[in-house]
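Residue numbers (our numbering), protein chains in the order written: chain L, 1 to 448; chain S, 1 to 160.
Treat each hint with caution, since some may be false.
Claimed, not checked - Heads up, simulated EDC-like pairs for lysine to aspartate or glutamate below, C-alpha to C-alpha not over 20 Å straight-line:
1. S/LYS78 <-> S/ASP115
2. L/LYS153 <-> L/GLU30
3. S/LYS62 <-> S/GLU52
4. S/LYS78 <-> S/GLU52
5. S/LYS139 <-> L/GLU100
6. S/LYS78 <-> S/GLU95
7. L/LYS187 <-> S/GLU44
8. S/LYS62 <-> L/GLU30
9. L/LYS427 <-> L/GLU273
10. S/LYS139 <-> S/GLU9
11. S/LYS139 <-> L/GLU30
12. L/LYS255 <-> S/GLU44
13. S/LYS114 <-> S/GLU95
14. L/LYS147 <-> L/GLU185
15. L/LYS427 <-> L/GLU299
16. S/LYS114 <-> S/ASP151
17. L/LYS187 <-> S/GLU52
18. L/LYS441 <-> L/GLU400
19. L/LYS254 <-> S/GLU44
20. S/LYS114 <-> S/GLU143
21. L/LYS48 <-> L/GLU299
Unchecked claim - In silico negatives: residues of chain L with every beta carbon more than 10 Å from chain S:
22. PRO90
23. GLU190
24. GLU281
25. LYS316
26. CYS368
27. GLU415
Since the hints were derived computationally from the structure, they do not count as laboratory data. Even glycine gets a Cβ: it sits at the ideal position worked out from N, Cα and C.
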Amino acid sequence: MLRPTNYLTKNYGLPDGHKLPAYEKEGGYEQARRALRMPREALVDDMKAANLRGRGGAGFAMGVKWSFMPWPPKPERPHYLVINADEGEPGTFKDRTLMEKNPHAIVEGCIIGCFGIGAHAAYIYVRDELHLSKERLWGAIEEAKAKGYLGAKPFGLDYPVEVYVHTGAGAYICGEETALLNSLEGKRGEPRLKPPFPAQVGAFGMPSTVNNLETIAAVPTVLAMGGDAFSKLSDLHNLRDGGCRLYGVSGHVKKPGVFEACVGVTLRDLIYELGGGVDGELLAVIPGGSSCPILRADELVNAPDPKSPIHPWHGKSVLDVPMGVDTFRALGTMLGTCCAIVLSDRVDPVLAFHNLMRFYRHESCGQCTPCREGSAWIFRILDRIVAGEGTLEELDQLHEIADNIMGNTICAFGEGTAMPALGFLRKFRPELEDFVRTGGKSSTRRLT
Amino acid sequence: MSQIALRPERERQVEQILSRYPNRQAALIPVLHVYQDEHGWISEEIMQVVAERLGVSSAHVKGVVTFYTLFNQHPVGKHQVWVCRTLSCALRGAESVLSHCEKRLGIHPGETTKDGKITLRTAECLAACGQGPMMQVDKTYHENLTLADVDRILDELQRS
Numbered sequence: 001m002l003r004p005t006n007y008l009t010k011n012y013g014l015p016d017g018h019k020l021p022a023y024e025k026e027g028g029y030e031q032a033r034r035a036l037r038m039p040r041e042a043l044v045d046d047m048k049a050a051n052l053r054g055r056g057g058a059g060f061a062m063g064v065k066w067s068f069m070p071w072p073p074k075p076e077r078p079h080y081l082v083i084n085a086d087e088g089e090p091g092t093f094k095d096r097t098l099m100e101k102n103p104h105a106i107v108e109g110c111i112i113g114c115f116g117i118g119a120h121a122a123y124i125y126v127r128d129e130l131h132l133s134k135e136r137l138w139g140a141i142e143e144a145k146a147k148g149y150l151g152a153k154p155f156g157l158d159y160p161v162e163v164y165v166h167t168g169a170g171a172y173i174c175g176e177e178t179a180l181l182n183s184l185e186g187k188r189g190e191p192r193l194k195p196p197f198p199a200q201v202g203a204f205g206m207p208s209t210v211n212n213l214e215t216i217a218a219v220p221t222v223l224a225m226g227g228d229a230f231s232k233l234s235d236l237h238n239l240r241d242g243g244c245r246l247y248g249v250s251g252h253v254k255k256p257g258v259f260e261a262c263v264g265v266t267l268r269d270l271i272y273e274l275g276g277g278v279d280g281e282l283l284a285v286i287p288g289g290s291s292c293p294i295l296r297a298d299e300l301v302n303a304p305d306p307k308s309p310i311h312p313w314h315g316k317s318v319l320d321v322p323m324g325v326d327t328f329r330a331l332g333t334m335l336g337t338c339c340a341i342v343l344s345d346r347v348d349p350v351l352a353f354h355n356l357m358r359f360y361r362h363e364s365c366g367q368c369t370p371c372r373e374g375s376a377w378i379f380r381i382l383d384r385i386v387a388g389e390g391t392l393e394e395l396d397q398l399h400e401i402a403d404n405i406m407g408n409t410i411c412a413f414g415e416g417t418a419m420p421a422l423g424f425l426r427k428f429r430p431e432l433e434d435f436v437r438t439g440g441k442s443s444t445r446r447l448t
Numbered sequence: 001m002s003q004i005a006l007r008p009e010r011e012r013q014v015e016q017i018l019s020r021y022p023n024r025q026a027a028l029i030p031v032l033h034v035y036q037d038e039h040g041w042i043s044e045e046i047m048q049v050v051a052e053r054l055g056v057s058s059a060h061v062k063g064v065v066t067f068y069t070l071f072n073q074h075p076v077g078k079h080q081v082w083v084c085r086t087l088s089c090a091l092r093g094a095e096s097v098l099s100h101c102e103k104r105l106g107i108h109p110g111e112t113t114k115d116g117k118i119t120l121r122t123a124e125c126l127a128a129c130g131q132g133p134m135m136q137v138d139k140t141y142h143e144n145l146t147l148a149d150v151d152r153i154l155d156e157l158q159r160s
């Protein structure tokens, strides 16, 4: 059900909404002030009760992640909080709005987060292209420092906290948490093998927590409401998928944008209510960033097993399932970043497939052979198909290549390439075959 | 070496950056950005200087410079124009923005205009999906572009 909220976005419309006075007028920094006086365990328990699932795409329970940190911290092994703002998943543009329009929620979240995991420094890793975001974050950090909320004695308490903005240099892979850590350390952004996990060996070899930017920005709200109350905002509270979050919608909708609402919004709500409806007829939607397999508009939920989280929607349209981490996994796709790309029936799905596979070919870091070669092979075959030179055998080869990437790489980028490829192959097989047979004459040959 | 020096405010920026991390190597990417802001690209000499400053090998610096797409390994134009062409922007007309730029400037992506003013590039997703089509000019985003907007922006760049 669509229930809009404005915990994170209430100052989005104000010209000075990103500045400290606007933030403090709404109770800003009161939660950080309170958190630093709480027992650490109570703080982490409140975060666990919030059922705040990571907003970066993997959907891991954020409170549980905090609790993985070794305790108590050893003085010779300082802890670090690292915030992932390397936003670059095609279709995803939500974190940027927070950095530009509500940076103090991020800084306050970092203060609370540092305390929660026993860190004294937080690094916010922002992709380099987002210059306004970096400027706004630094501005917020300076304002908070001037007020004594950050630094050697935040709120007069003996718990030093520093927050820094770090920048990348144009590599999508650095959104993968261990690649991000390497990049933060001044290395090539190649993912690391896990284990060890960041909670043991993270930034600079020390115990670290990596949280998505929206996740950390939601922390002050969680604390203000209480974890349980926050979780119950959600229709999926019983699936431990709590709170409110940002939803994005782009592509062929009348009002693309970023919206805040309780968890439980359906794709139909997102496209037709928040997004103002489709510009044309709906062909398909990529639910949460390009790595999430595509859903066709005419698909029905197939979940006869009463134990399935989506059984209540068995036989109904996929557009009517509440968007949650577990519900969308059960649908055979992913919730991802909750930013949907909408394709109208004017779009040739073969061209959309080709466009996305160019992205993955470009962004594979090259460390693992199946991903480096596989992403390039997929793109090359699609290039031939789009040029009208593909064969039906090559469609089967695409399946095989994608299958061989899955599970054979260090990080999830491999799956992030293979799953959407398999999604297009399964959902648009007739269109792909027609395209190949007619050399593209069957197609609209357009994306717009 | 002298032509690799930074102006004083950029020198201060480097010192500030170094103060943020527990070791010097971590400053590498931000420091390379400072040098690129000064010189427009990262030459072998700059890699050498930065390596010495941060106490890492120049091979390490080269590894980093060649990994990240934003570090220019060759001189580029005075202005960088990046046109995003990933799906959300493509659905809203990125290809026509790109081909319009190509026609107007008489160059293909990856090339620089003869007067050295503009380098045209294609970009993969710049996190502006709701405001496509878009392009980044140096450090500024231009969103919800029409071809008339593109003309106006390119005119300004060519006059600069």
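Tested hints:
1. About 9 Å separates the Cα atoms of S/LYS78 and S/ASP115, which keeps this hinted pair within 20 Å; it holds.
2. Distance check on the hinted pair: L/LYS153 and L/GLU30 sit about 16 Å apart at the alpha-carbon level, within 20 Å; holds.
3. Restraint check for S/LYS62 and S/GLU52: the C-alpha separation of about 13 Å stays at or below 20 Å, so the hint holds.
4. For the suggested pair S/LYS78 and S/GLU52, the alpha carbons sit about 28 Å apart, so the restraint of at most 20 Å is broken.
5. Of the pairs offered as hints, the one joining S/LYS139 and L/GLU100 holds, with about 15 Å between alpha carbons and a cut-off of 20 Å not exceeded.
6. A C-alpha spacing of about 24 Å is found between S/LYS78 and S/GLU95, which places the hinted pair above 20 Å, so the restraint is violated.
7. Of the supplied pair hints, the one linking L/LYS187 and S/GLU44 holds, its CA atoms being roughly 18 Å apart against a limit of 20 Å.
8. A C-alpha spacing of about 46 Å is found between S/LYS62 and L/GLU30, which places the hinted pair above 20 Å, so the restraint is violated.
9. Restraint check: the Cα-Cα separation between L/LYS427 and L/GLU273 comes to about 26 Å, which exceeds 20 Å; the hinted pair is violated.
10. Annotation: proposed proximity of S/LYS139 to S/GLU9 holds, straight-line Cα distance about 19 Å (limit 20 Å).
11. With a C-alpha separation of about 35 Å, the suggested pairing of S/LYS139 with L/GLU30 is violated against the 20 Å cut-off.
12. About 48 Å separates the Cα atoms of L/LYS255 and S/GLU44, which puts this hinted pair outside 20 Å; it is violated.
13. Of the supplied pair hints, the one linking S/LYS114 and S/GLU95 is violated, its CA atoms being roughly 23 Å apart against a limit of 20 Å.
14. Proposed proximity of L/LYS147 and L/GLU185 is contradicted: the alpha carbons are some 30 Å apart, above 20 Å.
15. A hinted pair counts as satisfied when its Cα atoms are at most 20 Å apart, and L/LYS427 with L/GLU299 qualifies at roughly 9 Å.
16. At roughly 18 Å between alpha-carbon atoms, S/LYS114 and S/ASP151 fall within 20 Å of each other, so this suggested pair holds.
17. For the hint linking L/LYS187 to S/GLU52, the alpha-carbon distance of about 16 Å falls within 20 Å, and the restraint holds.
18. Among the hinted pairs, L/LYS441 with L/GLU400 is inconsistent with the structure: their alpha-carbon atoms are about 26 Å apart, more than 20 Å.
19. Using a Cα cut-off of 20 Å, the hinted pair L/LYS254 and S/GLU44 is violated, with the two alpha carbons roughly 49 Å apart.
20. Between the alpha carbons of S/LYS114 and S/GLU143 the distance comes to roughly 27 Å, so the proposed pair goes past 20 Å and is violated.
21. Taken as a hint, the L/LYS48 and L/GLU299 pair is broken in the structure, with Cα atoms around 35 Å apart against an allowance of 20 Å.
22. Residue-level check failed: L/PRO90 sits 4 Å from the nearest beta carbon of chain S, not beyond 10 Å.
23. Against chain S, the non-interface label of L/GLU190 is violated: not every CB pair exceeds 10 Å, the least being about 8 Å.
24. No beta-carbon of chain S is positioned within 10 Å of the beta-carbon of L/GLU281; the least distance is around 14 Å.
25. With 10 Å as the threshold on Cβ separation, the claim that L/LYS316 sits away from chain S holds: the shortest Cβ distance comes to roughly 27 Å.
26. No Cβ of chain S comes within 10 Å of the Cβ of L/CYS368; the nearest lies about 15 Å off, and the non-interface call holds.
27. With a least beta-carbon separation of about 18 Å from chain S, L/GLU415 lies farther than 10 Å from that chain, consistent with its non-interface assignment.
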